[in-house]
Amino acid sequence: MNVTLTVNGEPRTAEGVRVHENLLHLLRARLGLTGAKNACEQGECGSCTVRMDGRAVCACLVPAGQAEGADIRTVEGLAGEDRLSATQACFLRAGAVQCGFCTPGLLMSLGELLDEDPDPGEDVVRERIAGNLCRCTGYQKIVEAARLAASRPPGA
Amino acid sequence: MAHLRPRSWGEALALRAAHPEAVPVSGGTDLMVRMNLAGHRPAALLDLSAVPGLAEWSDRSAWIRVGPAMTYTAMVRDLAEHAPALARASRGVGSPQIRNRGTIGGNLGTASPAGDCHPALLATRATIEVESVRGERLLPAREFYLGPRRSMLAPDELIKGVLIPKATAPQEFAKVGARNAMVIAVGSFALALHADEQRVGTGIGSAAPTPVIAGAAERYLDAELADGDYWEKRRPLPDVVHRRFAELVVTAADPIDDIRSTAAYRRHALGVLAYRALRWCWTDFLKGWR
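Residue numbers (the UniProt record's numbering), protein chains in the order written: chain L, 1 to 156; chain S, 1 to 290.
Derived from the structure by calculation, the hints contain no laboratory data. Treat each hint with caution, since some may be false.
[Claimed, not checked] Here are the in silico distance ranges between beta carbons for each label pair: (1) S:Glu-247 / L:Gly-69: 35 to 43 angstroms; (2) L:Ser-151 / S:Arg-77: 21 to 29 angstroms; (3) L:Gly-95 / S:Gln-198: 56 to 64 angstroms; (4) S:Met-152 / L:Gln-98: 48 to 56 angstroms; (5) S:Met-152 / L:Asn-2: 34 to 42 angstroms.
[Unchecked claim] Not everything, but these chain L residues come out facing chain S in the computed CB check (under 8 angstroms): (6) Met-1; (7) Gly-16; (8) Val-19; (9) Asn-22; (10) Gly-43; (11) Gly-46; (12) Arg-55; (13) Arg-135.
In this text, a Cβ means the ideal position worked out from N, Cα and C, and glycines have one as well.
All chains should be modelled from the sequences, with the hints used to inform the complete structure.
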């Protein structure tokens, strides 16, 4: 089947999609968007987190056919032409990126949180990233990056 | 393998009747794990995500009606007042990403003994609305679960909604697992005090082949509360009543040893959860909840 969807604001069509395929495979293998990472394929690790109609979801658990007509945002859509998003910049400043594998998923999870609550407390941040595993950082610097992003004035 | 995507409830029922081999899918959080990792290849997917209105809930005076595609995130946000045990159970499901996708209808359709909605639906004496082209049926939650991943749902039926009596007194849900997020419950327990009917309801998860009620514990507590006139007088409940209640809850369980726990630990944990749930509920009741 063909699946037509909006990815990072652009209309895209993936052709020859198989019914048992998931959205992560569609994004990575058919549209060449490898920012969302493939690891556990069971919704445990959060490294494939993307935004689907605004909500943070594990792309590996979305049947590809359900993405028909959906608005998908991936990590590739965060930065501008030559400028990181505020949250991405805060990740660098805080040292929240080590191997980087979990980073795209964390940015998408935190993006949903910061859209809902521009100034979340540490507890709220930790609960919101409970579905994103990081094996390098111990999470402290990721939480610091989120707090840093939250304290920035709008648009900064 | 076909991807069937009805645009209306009527079309969904027609497709369900024409394709009894198709697997209904809403959030996909359970089905996709089996498709990704276990090579599960259903003959067809009956994708309900394009049917309008299924994610909504409504107020029906003494009841609420919850649409089958209501997500855990939405239940946490919207149902804390009228269905506190279900809202609390929803809050502990998986992770934010799973709660954004997983639905109450999916939890019921899958009918896993570890599903987090079930104890709350048993304790509150919820009713499940199912429909097929043959007509509609109302199934009490207490009769819905038949075995591991088996329910009263016929091959041509879809879950249309869940009717839950509005809370009239405190309710609790608690579960035990290896961490606070991303766990399948080792054991779970829900307790609902029904103040208007002066009776209690229980539900146990992950401790038997299906979600079960603790009937002997309910009858014991109902009798104690009535004999001591506890509902009217709102007196503190003696510790011995909490302990006896917890013992009787444990007798309703029939747990197994598996990868997540031993049967013995499950029994122990369930007793602790039941004791605490009663203490929390009764303490809140004494504080004048409602």
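Taking the hints in turn, this is what the structure says about them:
In this structure the hint that Glu-247 of chain S and Gly-69 of chain L lie 35 to 43 angstroms apart at CB is violated, the actual value being about 54 angstroms. Taking the beta carbon of each, Ser-151 of chain L and Arg-77 of chain S are about 26 angstroms apart, inside 21 to 29 angstroms as hinted. A hinted range of 56 to 64 angstroms holds for the C-beta pair Gly-95 of chain L and Gln-198 of chain S, which are about 59 angstroms apart. Range check, Met-152 of chain S to Gln-98 of chain L: Cβ separation about 50 angstroms, and the 48 to 56 angstroms hint holds.
Range check, Met-152 of chain S to Asn-2 of chain L: Cβ separation about 38 angstroms, and the 34 to 42 angstroms hint holds. With 8 angstroms as the threshold, the beta carbon of Met-1 of chain L comes within range of chain S, its nearest partner Cβ sitting at about 6 angstroms, so the hint holds. Against a cut-off of 8 angstroms between C-beta atoms, the interface hint on Gly-16 of chain L is violated, since the closest Cβ of chain S lies about 13 angstroms away. Given hint, Val-19 of chain L at the interface with chain S, holds; its Cβ is 4 angstroms from that chain's nearest Cβ, closer than 8 angstroms.
Hint status for Asn-22 of chain L: holds, given a least beta-carbon distance of 6 angstroms to chain S, under 8 angstroms. Because the closest C-beta pair between Gly-43 of chain L and chain S is about 6 angstroms apart, less than 8 angstroms, the hint holds. Interface restraint check for Gly-46 of chain L: the shortest CB-CB distance to chain S comes to about 6 angstroms, inside 8 angstroms, so the restraint holds. At about 4 angstroms, the closest approach between the beta carbon of Arg-55 of chain L and any beta carbon in chain S falls short of 8 angstroms, and the interface hint on this residue holds.
Annotation: Arg-135 of chain L was flagged as interfacial toward chain S, and the flag is violated, the nearest CB pair being 15 angstroms apart, outside 8 angstroms.
Checked against the numbered hints given earlier, the structure breaks hints 1, 7 and 13 and satisfies all the rest.
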